[in-house]
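Q: Sequence:
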Amino acid sequence: MKTRTKPLLHVWEWQLEAACRGMDSSVFFPPAGERGRARRRREDEARAVCGSCPVSEPCSRFALTSQQPYGIWGGHTETERRSAVQKMRRE
1 MKTRTKPLLH VWEWQLEAAC RGMDSSVFFP PAGERGRARR RREDEARAVC
51 GSCPVSEPCS RFALTSQQPY GIWGGHTETE RRSAVQKMRR E
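Residue numbers (full-length UniProt numbering): 1 to 91.
Source of the hints: derived by calculation from the structure; they are not laboratory data. Treat the hints with caution; some may be incorrect.
[What the hints assert, rightly or not] Label pairs and their computed distance ranges (CB to CB): (1) D44 to G22: 17 to 23 Å; (2) Q67 to E45: 21 to 27 Å; (3) S26 to R82: 20 to 26 Å; (4) S83 to G22: 26 to 32 Å; (5) R82 to W12: 21 to 27 Å; (6) E13 to G33: 32 to 38 Å; (7) K87 to D24: 29 to 35 Å; (8) H10 to S52: 31 to 37 Å; (9) G36 to E91: 31 to 37 Å; (10) A38 to V11: 32 to 38 Å; (11) A32 to Q67: 17 to 23 Å; (12) E91 to V27: 16 to 22 Å; (13) Q86 to A48: 25 to 31 Å.
Values in this document were obtained by computation on a predicted structure and should not be read as measured data. The beta-carbon is built from N, C-alpha and C at its ideal position, and this holds for glycine as well.
Start from the sequences and build out the full structure, keeping to the hints where you can.
A: Take a look at the structure:
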């Protein structure tokens with residue numbers, strides 16, 4: 001039996017408008033062992049990009065629903081996303 005899958009373009013299409021498109025991903029994903037001031041500085045830089053992004057809401061929603069374990073998505077850190085998921089589970 002042959003199964004047909006739906007194209008996934010609609011799932012990723014929002015990325016075409018992303019402010020971070022083409023940027024170095026190291027702004028959004030921490031290097032191993034990054035801590036303290038360096039981490040906050042990188043996260044602030046990523047949040048600034050996300051703050052002006054026309055698709056930060058779908059980006060954030062994607063990261064939450066797919067449980068992205070790393071990086072800044074839609075202006076939110078992995079810690080913030082974990083907290084949001086835990087809060088939703090309690091409600």
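Q: Now tell me if each hint is right for this structure.
A: Hints and how they fare:
1. D44 to G22: 17 to 23 Å: Between D44 and G22, where Cβ atoms are some 20 Å apart, the hint holds.
2. Q67 to E45: 21 to 27 Å: holds, 24 Å
3. S26 to R82: 20 to 26 Å: holds, 22 Å
4. S83 to G22: 26 to 32 Å: holds, 30 Å
5. R82 to W12: 21 to 27 Å: holds, 23 Å
6. E13 to G33: 32 to 38 Å: holds, 35 Å
7. K87 to D24: 29 to 35 Å: holds, 32 Å
8. H10 to S52: 31 to 37 Å: 24 Å Cβ-Cβ, so the 31 to 37 Å window is violated.
9. G36 to E91: 31 to 37 Å: Holds, since G36 and E91 (Cβ atoms, about 33 Å apart) stay within the stated range.
10. A38 to V11: 32 to 38 Å: holds, 33 Å
11. A32 to Q67: 17 to 23 Å: The hinted range 17 to 23 Å holds for A32 and Q67, with Cβ atoms some 21 Å apart.
12. E91 to V27: 16 to 22 Å: The hinted range 16 to 22 Å is violated for E91 and V27, with Cβ atoms some 33 Å apart.
13. Q86 to A48: 25 to 31 Å: Since Q86 and A48 have Cβ atoms about 27 Å apart, the given range 25 to 31 Å holds.
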